[in-house]
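The residues making up each chain are set out below.
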Amino acid sequence: MKKKFLLLLSCLAILSLALVGCGGGEEPAQENEQQNVATGELVAGPFEEVEGLPVIQAPEGFDWKQFEGVELNLISENTPPSSALAANIGEFEEATGIKVNIQQMDLGTLVQKVGLDFGANSSKYHLVYADPYQILAKYSSKLANLNELNGDPSLPKIPGGLDDFIQSQLEIDGYMGSKDNLYALPYDAPTMVLAYRTDIMEAIKEDFKAEYGYDPTPNPEMTWDQYYEVASYITDHADELDVKYGTGHQAKQYDSLMCDFSNILAANGGDYFKNRDLGGIGAANPGPADMTSPEAIKAIKFYDKLLGVAHPASKSWDWNGLAEAFAAGEVAMAPEWHEFASMFENPEQSKVAGNVAWTVLPKGPAGSANIFGGTGLAINENAPDEEKKAAWLFMVWATSPQAQLMILESPVGGATPSRTSVYELPKVKTAMEDPSSEEAKAMPNLTSMSATLEAWKIENSYGRPKIPMWPEADTIIFTELSKMLADQQDPEATAEAINEQLNTLTGN
Amino acid sequence: MSTGKSLEAPAQQQPQPSGSPKAGGRFKRLLTTENLMLAPAITVLASITIFPFLYLIYASLMDFALAMDDPTFAGLRNWVRLFKDPAIAQSWKVTLIYAVVGLGLEVIIGVGVALLLYATPWGRNIFVTLWMLPIFVAPVVAGLLGWFMLNSSYGLYAWVLQLVGINTDIFGNVATALPAVILIDVWEWTPLITLIVLSGLQSLPSEPLEAAEVDGASYWQKLRYVILPLSARIIVVAMLIRSMDIMRFIDTIFITTAGGPADSTKIIGLRLFEVAFRFMDIGYAAAIGLSMLFVTILLGQAFVKVMYGR
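From first to last, the protein sequence lines are chains A and B. Numbering of the first sequence is given in our numbering, commencing with residue -12 and proceeding in unit increments. Numbering of the second sequence is given in our numbering, commencing with residue 43 and proceeding in unit increments.
Calculated directly from the structure, the hints in this document are not laboratory data. From the three backbone atoms N, C-alpha and C, an ideal C-beta is built for every residue, glycine too. Treat the hints with care, since some could be wrong.
Okay, the calculated beta carbon distance ranges per label pair [unchecked claim]:
no., chain 1, residue 1, chain 2, residue 2, range
1, A, Ala480, B, Gln343, 50 to 60 Å
2, B, Arg119, A, Ala31, 42 to 52 Å
3, B, Gly165, A, Asn65, 41 to 51 Å
4, B, Tyr199, A, Pro33, 47 to 57 Å
5, A, Asp186, B, Asp287, 34 to 44 Å
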């Protein structure tokens, strides 16, 4: 009898274990699928609501002040969204009692500080501006899995759900290697598009058309070869125009040079590695390099030729230097990050305000390629649970459509939202469609938005390889390109040098 | 009882090994008041210099590339890489040019100005104060000033150069970038040489100079045979201080050129910074750092030998 009882008990135990085991495998998938579905009744949080945007909600009875007194440190690049967030942080601090210290610095210093913080397994910085290439790709194991926080029934959910983010940006900013874990939420979305002077284009239009047979005004159908012709023409006729050079570039021996060149590389159908799927969720090992392909060599040759007619100071400009030069009226056209639109339209900072228009970058044989430079916001995995949850409340607010709209409208901000719902608002639509409208004046960054939305289309967007060793790869690329621009080596030797060093770096 | 025990001779009670009393005596001699008072300072100094130095040696034998908090043993791999890496050789080459030209200019101008100030009969303090101003500017600010002055869009010097027909971009051209950063360094640190040399000149004994004057020596003869030989040591001290600094200070270059164009301004200190804090390759950075330390020690020893005439 005792034996039978024990046998029955054993069978029941095995059965329950099997059931738990089977259920356990499916649970995360179900959780992922249902993470946007409220588990209980959700009620609006203590934040200002905007008609037409998803509301920040929490489970009924949720105490928004439960983490009162917690102090969080956010480390961010000195970008417009962080300035806008810092200027409006009072709303969040008042609603939650959580104090947020926003520290802003250049990206290089940020990467250094975050790397040291992670290396020491510390949590000095609870919230991290997680650049997908220099932080997310290298330190994803040090970032909290946001799916767990978003799936926690006791915490607020992402307002509007993950579907409200621009999906290509969510993939680049949020994941690494696979979609099992979500490490960051899209926070800003700078993308390279083409800025040009409308007054210069008007001035040369007729003569240029008579000579070359087409309108020089940049448009989505323009090719890089045509761009070169227009740039050369303007430089040659600079004495008659209110400008010094046709084109300017961010070709300083720095990250900016790699970004500037990547647009032309991808437009020619080339890429840094043979594996062309590295730009989205990324991979730990990229495989062999592909910089000696005919497409890559063609792109390198063209870039060398293009820089030959560009403003000579291009070789000492990063994106800021180029923006200052464009605003000073030194160049007529410039591939530049779209978030400089507010600077170009500000008469206090720009001589060319009112004379700037934007379009996607010119086409190559493989179409137009516009490099994406957006970044996500992440939580330090080393932080204690209480601080992690407090940081989650901040994430929910900072990446909400309301906060994104606030950043867009902020006089110290001007960044563009990463939420689709914001672009559906009537005033935002008006600003994008009519650059002369009051709405556009209030949100000057939207003057570049039509071009940027076009650039975000999958066929026009380019994401650089998201691999853990990207900082080294980036340095190899821009150093060798810089040597070529300094006439120390020809394009073929440049391609060989980059290819060889990338393969050595990745062990291929 | 304790009093009874203390009366007995310890040597008779417990035979000691022959070396112990001597060692104990030496230890006792070390426990002097001055040594005890110095001990906290020496302990602090040791902890902030010796421990990091030993850790640096350890780090140079480890691989931190995959995970900073979990390094793996790399043996001499970082050291072999150090001697094979063409980028390191290029950085040492740039450092050599930067140090020799920069230091040379700083010594020539610094000593020249010091001699002028030494000979100035009035207003020396005002001139010294004005001349010293750049030293009080942080190297980062010196870099920013250089950047603003030479910026091709709005820089004052760039504008002047354009007026005389020079249209090149100073920091974007291999031929001009290195001279530009050297000149910024010269602008900032020449006054330090002047300050050190001037203090040496002011403490020169007056008798040899008076004797030379009585003998009817000209200024150049006094300079050649009296002033310079007597102040040679202080000039070497100034050179020693600056030569060590010149390898460490990367701020100006970091702000103006970031090492470019084409690595033409990437001195070894900047390369070290890049490997350590951009690539987070701490093991390789430790090997580079130790090689810099070795070169600095050699340089210091060479200057000391020159100073003592050996």
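Now the hints, each set against the structure:
| no. | hint | verdict |
| --- | --- | --- |
| 1 | A:Ala480 - B:Gln343: 50 to 60 Å | violated (41 Å) |
| 2 | B:Arg119 - A:Ala31: 42 to 52 Å | violated (58 Å) |
| 3 | B:Gly165 - A:Asn65: 41 to 51 Å | holds (45 Å) |
| 4 | B:Tyr199 - A:Pro33: 47 to 57 Å | holds (55 Å) |
| 5 | A:Asp186 - B:Asp287: 34 to 44 Å | violated (50 Å) |
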